[in-house]
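Quick note, the sequence shown lines up with residues -23 to -1, 1 to 401 if you use mature numbering (1 follows the signal peptide of the UniProt record, and there is no 0).
No wet-lab data here; the hints were simulated from the structure.
A hint or two may mislead.
[Said to hold, decoys possible] Each computed DSS-like pair below joins lysine-lysine, with the alpha-carbon atoms no more than 25 Å apart: (1) 227 / 168; (2) 154 / 210; (3) 41 / 385; (4) 385 / 122; (5) 267 / 204; (6) 168 / 210; (7) 168 / 122; (8) 55 / 340; (9) 227 / 210; (10) 267 / 385; (11) 267 / 154; (12) 70 / 154; (13) 154 / 204; (14) 204 / 168.
[Said to hold, decoys possible] Here are the computed distance ranges between Cβ atoms for each label pair: (15) 267 / 381: 22 to 28 Å; (16) 197 / 318: 37 to 43 Å; (17) 385 / 278: 40 to 46 Å; (18) 78 / 136: 35 to 41 Å; (19) 216 / 274: 16 to 22 Å; (20) 308 / 206: 44 to 50 Å; (21) 206 / 55: 53 to 59 Å; (22) 134 / 214: 30 to 36 Å; (23) 66 / 130: 26 to 32 Å; (24) 130 / 320: 42 to 48 Å; (25) 128 / 216: 32 to 38 Å; (26) 128 / 192: 42 to 48 Å; (27) 308 / 393: 19 to 25 Å.
Backbone N, C-alpha and C fix where the C-beta goes; we use that ideal spot for every residue, glycine too.
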Amino acid sequence: MNKNLIQGALALTACAFSLNAIANGIAINEQSASGAGTAYAGRASSALDASTLYGNPAGLAKLKRGEVSGGFAVVAAKDDISDAHSSASGSNKGDSVPVAAVPFAYLTSPLDERFSVGLGLYVPYGIINDYESSFQGRSHGSYSKVRVITLQPTLSYRLNDRVSIGGGPTINRIDGKLQNNLATGAFNNGKEAQISIEGDDVALGYNLGVMVDLSDATTWGLAYHSKVDYQLKGHTSVSDTPAIIPVAGKYGAKLDLTLPESVDTSITHHFDERWTGYLGTTWTRWSRMKEIVAENSGVSPLGQAFGLNSIGEPMNWHDTWSVAVGGSYQLDPQWVLRTGFAYDPSPTNNADRTVRIPVGNRKTLTIGAGYSPNADLTFDVAYAYLWESTASVNQANSSGLQPAYSAKYDNSAHGLVSQLTYRF
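Please take these sequences and the hints and turn them into a complete structure.
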């Protein structure tokens, strides 16, 4: 046993993956149903409702009334595994992502003709990935669950009839749990050692935005979501280790993790009273995810000899640019119809992709609608279908107890987002 034995499990949060994110990597886009209908193409340049607090906080100043808005997304993902090879026995069923719900809620109110305030609660990152117990690649990752919940108080100010600005701090709580098995059965009475890691932290960030009406028909927006530096604290549990290597136990764990900043810019153009077009792009600095290093405390001298006190895992992610285009049609005073398409490249590649992060280049097609029975109430709903290019996983046996595993992943997902907005 050496320091590589549990490197696949100690990358707490950043190395996990789930198709419940419409965005790529480990990010989640589901903070709005009205934005989801156009694949979030105009997120930074449209103030459709209170969810603009996340998309671009400058948009709050463009809302004429107070609003309470909230909803959730339900996502059913599928990962088909094929062409799997490993010296370990086991199955490759795929479908490791259970159906998941992602909630969001916002409260906004104008203070006067220029100032507006708001409070938002949403999930910017989140994953759950639960392979079957007999999964052939279980030594590289069997279970992953991570969640980030963000509370964002926001202030927006209308500089003049054309320009608005806004921003606010974000209070972010992260918690996660990862597990994997080690191939110790041959000299451990058939038992596989198991690694389980849990940790959490609360950290601060901020979001800023500007929204400019270039003309009566065209609006440009720019939103910045800051990086967030976490110092997770928790424990690492090692169980069912062979008697000849008595390192089982629970150790205190610390892990420094930085989730990346992003810049979102878009243009909204009203062609006429019915047709509106949206075009947007988002840059995400995934290159911050170079490696993960966990420090364990309370490790015995024998455990230290096997590298349990400090474990690292390379990631080598790279920055990405995603693009989206969408449109809406005002059918009548009550109904608006929406559609959109987005392309979001993977932040990893064939050399570094793992069973925890088997993401490929992602395409998303969306349709949606908004219904306003009166001026005070709006129901929004959107459906998204996403699919990825075939992604190859090739993980070597770097420790002696993690059999090499290679496979091809074909990932897809269906998402349904709903939202209710009440104006007062």
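Quick rundown of the hints versus the structure:
| no. | hint | in the structure |
| --- | --- | --- |
| 1 | 227 / 168 | 19 Å, holds |
| 2 | 154 / 210 | 12 Å, holds |
| 3 | 41 / 385 | 51 Å, violated |
| 4 | 385 / 122 | 22 Å, holds |
| 5 | 267 / 204 | 15 Å, holds |
| 6 | 168 / 210 | 29 Å, violated |
| 7 | 168 / 122 | 24 Å, holds |
| 8 | 55 / 340 | 15 Å, holds |
| 9 | 227 / 210 | 13 Å, holds |
| 10 | 267 / 385 | 24 Å, holds |
| 11 | 267 / 154 | 21 Å, holds |
| 12 | 70 / 154 | 22 Å, holds |
| 13 | 154 / 204 | 22 Å, holds |
| 14 | 204 / 168 | 42 Å, violated |
| 15 | 267 / 381: 22 to 28 Å | 24 Å, holds |
| 16 | 197 / 318: 37 to 43 Å | 21 Å, violated |
| 17 | 385 / 278: 40 to 46 Å | 43 Å, holds |
| 18 | 78 / 136: 35 to 41 Å | 39 Å, holds |
| 19 | 216 / 274: 16 to 22 Å | 18 Å, holds |
| 20 | 308 / 206: 44 to 50 Å | 46 Å, holds |
| 21 | 206 / 55: 53 to 59 Å | 34 Å, violated |
| 22 | 134 / 214: 30 to 36 Å | 50 Å, violated |
| 23 | 66 / 130: 26 to 32 Å | 53 Å, violated |
| 24 | 130 / 320: 42 to 48 Å | 33 Å, violated |
| 25 | 128 / 216: 32 to 38 Å | 36 Å, holds |
| 26 | 128 / 192: 42 to 48 Å | 36 Å, violated |
| 27 | 308 / 393: 19 to 25 Å | 21 Å, holds |
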